[in-house]
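Q: Next come the chains, spelled out residue by residue.
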Amino acid sequence: MTEAALFSDLKALELDEVERRYEDILEQVRHHEQERKAIYAQKKARSDVIKFAVNKLEEPPNLADLEGDDQLVEALRLKAEFDALLHTRDELVTRLAVPRHRLVQAMEEFHHRLTVATHYSESPSLANEMDMFSRFFEMQAMVKQYDEQRHVFADLERTRAALLETVKAINREDRKFTQHLNKNLETLRPLRREAGRLRAYLASLPGNNPKPLPEQIEEFTLRLAAGNSLSLEEFSAMLQHGGLTGLDEVELPAPKAKPRRKTTQRRAEPMRGRRRRDA
Amino acid sequence: MKPREFRGSSLSRQMARHGVVSFTLKNPAESMASEDILNAAPEAVVRAILRRRERLAKELPQALQQRHEENDRAYALTKQAKQDHEASLQDKGDDNDPSAAVYAENEAFRRRTVSRLWTAKHASADTVEALAFWKEMTEGGWGHLLEDAKRVEAGGPSSYALKKRTTIDTEESV
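So the protein lines, in turn, are chains A and B. Each number in this note's numbering corresponds to the 1-based position in the first sequence with 1471 added. Each number in this note's numbering corresponds to the 1-based position in the second sequence with 385 added.
These are computed hints drawn from the structure, not numbers from a lab. Hints are not guaranteed to be accurate.
In the DMTMM-like style, the derived pairs of lysine to aspartate or glutamate whose C-alpha atoms are separated by at most 20 Å in a straight line are [as the list claims (entries may be wrong)]:
no.	chain 1	residue 1	chain 2	residue 2
1	A	LYS1615	B	GLU538
2	B	LYS443	A	GLU1593
3	A	LYS1522	A	ASP1554
4	B	LYS506	A	GLU1593
5	B	LYS548	A	ASP1561
Sample of chain A residues facing chain B (criterion: CB under 8 Å; computed from the structure) [said to hold, decoys possible]:
no.	residue
6	LEU1477
7	PHE1478
8	ALA1509
9	PHE1523
10	LEU1563
11	LEU1567
12	HIS1582
13	SER1596
14	GLU1600
15	PHE1608
16	GLN1611
17	LEU1662
Calculated Cβ distances over 10 Å to all of chain B for the following chain A residues [as the list claims (entries may be wrong)]:
no.	residue
18	ALA1483
19	HIS1503
20	GLU1579
21	SER1605
22	ALA1612
23	THR1630
24	ARG1732
Bear in mind the structure is a predicted one, so any value in this text is a computation, not a measurement. A virtual CB, placed ideally from N, CA and C, is assigned to each residue, including glycine.
Given the sequences, and given the hints that come with them, work out the whole structure.
A: Right, here's the structure in full:
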């Protein structure tokens, strides 16, 4: 396309009108860039919350910028509650060391041995009786502790399920953000193209120095900030040279083949149908 | 029509069990559901132990008497067999005489009866001691036996947890 054809519609317009159009488009570009940045920030917050919920992040993310997002706040609250209950449960299990069902089984056995008459040769000795009596009531106290803390186990399960559901909901919501982002990019691309055309036209006029276009935020930077991964090609593009994908182009010298040593002695081994190479 | 003959073991599985008497039916367990076991008081358990020990104390003198008689019989048999074997050795000088086998059998029987007698004697002595101990406990002196239970009730670790911790510490220090 020639320059005349490119700017044909603009040449018919007044300079002020073209400048006004350029200003309007610049404003729209800025607005979309800001929106894009905000969407990426929200995506990053969501990614961090999910990572924190599944213990891939040790510190909880700072959600100061996203006060309005109840889902993320709820997820963090549930995670804190889950951690606290987990700690209580672990403390109880470490303190008692034996699971409840095993305690009940052992108590029944001990009670049977202590109270049921058997042949004198099978009867427990006094020392055994004392030990079993002591352990029986210790286990009884342990079972009572388990029963008193039963709500911890129930609450832990309930909180775990709720946290899981919240994480799933955040993940579902994240897809919507991806759609918003794609839409934003689709809108932004023709606007930038048009802004570039107007700027080029204004710059071509003598004595005119139009404002530059707002700098485009690099896709990679935003994606990395949102905690997403990059492909090998994208990494290579970020490097000036020496990208991993460029490895194929480098011709490595072929390793020299080792000279074969000629065997002087005949090897005594069964050939099983093969031909002897040095024969 | 001729009824089918019961044969093999497969049919017996279909038949109701009649006349199968468990030896425990003589001395049934004191019926106590799991819920009751979880709420059993020390007094009740001490009383149950005492009842079992008292029943055992009644049975033991007779058992001891039987074991004494059995041991006396075994001793007499062994003594006779030994004399016969020695006489046979003097007469024939043959180690493979049948009296040697009789003597060995009687000697084995004697050893078994001695073992059974000692078991009964130990059980008898233990029962006397246990009865005295648990009678004392009925008056509420079981405090020292419930130290672990009290520690757990107060929020402390169980003896199993303490043992586990000691084992881990020992392994780590090694």
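Q: All hints are to be evaluated individually against the structure, with a verdict given for each.
A: Hints, verified against the model:
This hinted pair checks out: A:LYS1615 and B:GLU538 have alpha carbons roughly 8 Å apart, not beyond 20 Å. Proximity of B:LYS443 to A:GLU1593 is assessed by CA-CA distance (about 16 Å); at most 20 Å being required, the pair is judged to hold. A hinted pair counts as satisfied when its Cα atoms are at most 20 Å apart, and A:LYS1522 with A:ASP1554 qualifies at roughly 15 Å. In summary, the hint linking B:LYS506 to A:GLU1593 is supported, as the alpha carbons are separated by about 14 Å, within the 20 Å threshold.
For the hint linking B:LYS548 to A:ASP1561, the alpha-carbon distance of about 18 Å falls within 20 Å, and the restraint holds. For A:LEU1477, the interface hint is violated, since its Cβ never comes within 8 Å of a Cβ in chain B; the closest pair sits about 79 Å apart. At about 81 Å, the closest approach between the beta carbon of A:PHE1478 and any beta carbon in chain B exceeds 8 Å, and the interface hint on this residue is violated. Checking A:ALA1509 against chain B: minimum C-beta separation of about 51 Å lies over 8 Å; hint violated.
Hint status for A:PHE1523: violated, given a least beta-carbon distance of 31 Å to chain B, over 8 Å. Given hint, A:LEU1563 at the interface with chain B, is violated; its Cβ is 10 Å from that chain's nearest Cβ, farther than 8 Å. A hinted interface residue such as A:LEU1567 counts as satisfied when its beta carbon comes closer than 8 Å to some beta carbon of chain B; here the least separation is about 5 Å, so the hint holds. With a least beta-carbon distance of about 5 Å to chain B, the hint placing A:HIS1582 at the interface is held under the 8 Å criterion.
Annotation: interface hint on A:SER1596 holds; nearest CB of chain B at approximately 5 Å, less than 8 Å. Annotation: interface hint on A:GLU1600 holds; nearest CB of chain B at approximately 6 Å, less than 8 Å. Contact between A:PHE1608 and chain B, as hinted, is supported at the beta carbon level, the nearest pair being about 4 Å apart and thus within 8 Å. Satisfaction of the interface hint for A:GLN1611 is found here, the shortest Cβ-Cβ separation to chain B being roughly 6 Å, below the 8 Å cut-off.
Violation of the interface hint for A:LEU1662 is found here, the shortest Cβ-Cβ separation to chain B being roughly 66 Å, above the 8 Å cut-off. The non-interface label for A:ALA1483 is consistent with chain B: the shortest C-beta to C-beta separation is roughly 88 Å, beyond 10 Å. Separation of A:HIS1503 from chain B is adequate, the least Cβ-Cβ distance of about 61 Å exceeding the 10 Å criterion. Interface exclusion of A:GLU1579 from chain B breaks down, the closest Cβ pair being 6 Å apart, not more than 10 Å.
The claim that A:SER1605 is not at the interface with chain B is violated, since a C-beta of that chain comes within 10 Å of its own (minimum 5 Å). Chain B draws A:ALA1612 into its interface by the beta-carbon criterion, the shortest separation being 4 Å against a cut-off of 10 Å. Even its closest Cβ contact with chain B, about 24 Å, leaves A:THR1630 beyond 10 Å, as expected for a residue assigned away from the interface. Interface exclusion of A:ARG1732 from chain B stands, the closest Cβ pair being 53 Å apart, more than 10 Å.
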